[in-house]
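Asker: Chain residues, written in single-letter form:
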Amino acid sequence: MLFYIFAAVTVIGSLIVVSQRNPVYSLISLVGAFFGLCGLYVLLEAPFLAVVQIIVYAGAIMVLFLFVVMVLNVPREDAAEWDRAHPLYRPMAVRVGGALAVLLALEFAWALSRTAGLSAGVGDEKPAVSSVAELGRVLFTDYMFAFEVTSILIIAAMVGAVVIARKREE
Amino acid sequence: MPIGHYLVLSGLLFSIGAAGVFLRRNLITLLMSVEIMLNAVNLTFVAFGRQIGEVDGQIITFFVMTVAAAEAAVGLALVIGLFRHRESLNPEAFTTLKW
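Line by line, the protein sequences give chains A and B.
Numbering (the working numbering) for the first sequence: 1 to 170.
Numbering (the working numbering) for the second sequence: 171 to 269.
Just so you know, not all the hints are guaranteed correct.
As the list claims (entries may be wrong) - Taking lysine to any residue and the SDA-like style, the derived pairs with C-alpha atoms no more than 20 Å apart in a straight line are:
id	chain 1	residue 1	chain 2	residue 2
1	A	Lys126	B	Phe253
2	A	Lys126	B	Gly223
3	A	Lys167	B	Phe253
4	A	Lys126	A	Thr115
5	A	Lys126	B	Gln221
6	A	Lys167	B	Arg256
7	A	Lys167	A	Met70
To be clear, the hints were calculated from the coordinates, so they are not data collected in a lab.
Quick caveat, the model's predicted, so the values are computed rather than measured.
Using the sequences provided together with the hints, build the complete structure.
Answerer: Shown next, in the form of structure tokens:
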């Protein structure tokens with residue numbers, strides 16, 4: 001029952017993100033969708049991940065987005081421009097895009113039809129590993145290299161963002 | 171709750187995100203749609219990780235979140251730089267790389 005509530009929150013939030021013209025409303029509903037996902041993580045017995053989802057996504061990344069929306073101060077998409085230049089009004093683009101969408105749907109259906117044990121409950125057979133201690137142990141032993149590479153990635157992204165967004169002096 | 175439900179939900183979210191990337195004409199909304207797609211994949215990782223009783227699904231999700239944060243930072247910096255040049259967020263305005 002809870003699953004359906006959280007799933008509905010997530011899907012409706014995502015739909016509003018995609019359909020809303022005003023980026024601020026999109027952002028707020030995206031935060032709502034992330035809260036729905038957080039609930040799903042709790043149902044999957046990953047409580048630490050649920051907390052990280054809220055702190056990192058709803059806290060850090062969404063505030064970054066909100067900053068940019070408010071700094072640039074472009075409240076909404078231009079409706080006239082939408083009508084004039086949107087790819088949906090180009091017949092060739094619509095045909096190729098429609099074919100790709102059908103292909104994607106077929107792939108999903110094919111993958112789901114070939115997956116065995118879909119009706120078995122999640123985690124009915126195996127106990128959950130949800131302790132933060134176990135998570136940290138695996139992260140700092142088996143995934144040590146990936147962890148260190150991630151820190152380099154973050155430094156590179158931070159320096160890159162500062163360099164790109166800086167005002168040119170010349 | 172059967173794992174098929176999680177997979178269908180994840181596929182639905184991914185499709186919504188992909189549709190957003192293709193249909194929207196606003197760079198910021200485009201980046202948000204990418205975040206939706208990344209989160210759909212995260213949900214699959216966690217659901218399968220729970221199914222097989224291993225912690226790896228959650229670990230991969232951490233890495234995806236880190237990459238998403240880096241991507242958002244660089245992407246938004248690019249959006250700011252582009253907006254300074256063209257006063258527009260429409261990707262159609264950036265069809266030439268040099269100006």
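Asker: Each hint: holds or not?
Answerer: Structure-based check of each hint:
no., hint, result
1, A:Lys126 with B:Phe253, "violated (51 Å)"
2, A:Lys126 with B:Gly223, "holds (5 Å)"
3, A:Lys167 with B:Phe253, "holds (12 Å)"
4, A:Lys126 with A:Thr115, "holds (18 Å)"
5, A:Lys126 with B:Gln221, "holds (7 Å)"
6, A:Lys167 with B:Arg256, "holds (15 Å)"
7, A:Lys167 with A:Met70, "holds (18 Å)"
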